[in-house]
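Residue numbers (UniProt numbering), protein chains in the order written: chain A, 1 to 137; chain B, 1 to 135.
It is possible that some hints are incorrect.
To be clear about the criterion: a stretch of chain A counts as covered by chain B if any three or more of its residues have a C-beta under 8 Å from a C-beta of chain B, and this derived list gives those stretches [said to hold, decoys possible]:
#1 13-21
#2 32-42
#3 46-56
Residues from chain B that face chain A, not an exhaustive set, calculated with beta carbons under 7 Å [as the list claims (entries may be wrong)]:
#4 20
#5 22
#6 23
#7 56
#8 88
#9 89
#10 92
#11 94
The hints are simulated quantities; they were obtained by calculation from the structure and are not laboratory data.
The beta-carbon is built from N, C-alpha and C at its ideal position, and this holds for glycine as well.
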Amino acid sequence: MLVVLNKDSMLIQREQDVVPFRNRVKEYAVKIGMSLVNQTKLITAASELVRNMLKYGNGGSALIEVVSRGRENGIRLTFADKGPGIKDIDLAMKDGFSTGKSLGLGLPGTKRLVSEFDIKSIVGKGTTVTVIKWKNG
Amino acid sequence: MDRIPILQMGKFLLVTIQVDLYDRLALNLETDLAQMVNKTGARGVLIDISALSIVDSFMGRILGNIGTMSKIMDAETVVVGMQPAVAITLVELGLELRGVSTALNVEKGMQLLSVKVGSFEDHELEEDHDAGSVE
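Chain B extracted, bound-state conformation (with noise of 0.2 Å):
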């Protein structure tokens, strides 16, 4: 059965879709990424979509997927790479990715990923100070 790799990057899980997708290899993708993320205990997931062609309403779906069922295992979800006739597309077919992030490129996406993790424990600093002012 085919497989698209997940590969780890420190807290961050890595995936570069590189052919287009028939139905099953979706769902797989979907499937693995949840079991990696529980595996790893990832902290953010990088999906980069620059090799598709295409995204249909199953395919958005799946990626809306992916992003809920991250994120209430605690990881966010960043899709990047989007081609301009890919976004005109989707927008004409009305589908909004909920659920999901998206950046330009994998480098700002592994920027934004940076920042939503880390922004969290760099709140809790910041509460930490402000409630040492305040006493």
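Okay, chain A solo, but in the shape it has when bound (with noise of 0.2 Å):
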């Protein structure tokens, strides 16, 4: 069972946001003894995530939580938009696909960064992307 230990949430609404973001993930990782390798995968994730977020979005909302789970803690982080969502979740789940003009390794790279990842997309509605960094994993 997941426990969520505590709550943080930030608006992100324009680029100047994605700094302090990803301090204050970094804070978080820190608390919790994370290792500076998975605390630098996780906030590169969330610089991914975040600059999708804005980029593909129109900016959205962060959640940061510190979140337990048996002997092992984490941090999982919400990112939601409300943006006009993901047609083809697969599509842009794929290595190399990119509607914008990065090298699309946004989404596929985030995931080999995390330990569990998870996407929602409705066209026309938002896309909600969360992501569980463990401690050890």
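Join these two chains into a complex; the hints should help.
Here you go:
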């Protein structure tokens, strides 16, 4: 069972919000004693997802939670936007696919950096991405 | 508007990124570097990223762009000082820093640049010698 120990949310509306958000994620990761490599992976993933949200979803909200399952602690991040949504999630999750001018590493690359990855999208309504990075995961 | 300073050291340009970059700042750096290479006729660009705690795909793309851009303006680019955790993350992310060379630290980066830029001149000399010996 997943227990939420701490909750914090931030509105992401401009690209200048990205660095403070990354710093906040880092603070929580440090607080639970996550290793530097895992911290870096988590923050990089957060950076990718927040950028996607700004670029394709016109910004949205980001939720940072400290979660625990059994003996394992971790950080869960939820990114929710009210953008146009993703038509074909399978395609978006493919390496090298991009509708923008990016490298197309965003979503599949991000998935590789975290322990758990979930994406839900409704066309016309928005997209929600949830990731978990376990302290030792 | 914030800017990352670009220093000139002989025929090289030196950039030390000391703050976590947001997009606009990174894009400005790309433009400024192209202009500086053009203005100074620099043969090499050294970018120190030792203070960067993360490099995401956007930042990776900017570094790649700088490398490619400098290349077509006849300058080599070396990125130095990448933290181990950043390197591990980049591999997992699947990002190759195409168009740039890397070195462990500023000192090694400078050596690499000198070799890369100097080697062409040496090569020309060698060719002259070869030509001479054939005759």
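Hints, one by one, checked against the model:
1. 13-21: holds (count 4)
2. 32-42: Result for this restraint: holds, n = 5.
3. 46-56: Check passed, 3 qualifying residues.
4. 20: holds, 5 Å
5. 22: holds, 5 Å
6. 23: holds, 5 Å
7. 56: Where the cut-off is 7 Å and the nearest Cβ of chain A is about 4 Å from residue 56 of chain B, the hint holds.
8. 88: Holds, about 5 Å.
9. 89: Since the shortest Cβ distance to chain A is 5 Å, the answer is holds.
10. 92: It holds, given that the least Cβ distance between residue 92 of chain B and chain A is near 5 Å, below 7 Å.
11. 94: holds, 5 Å
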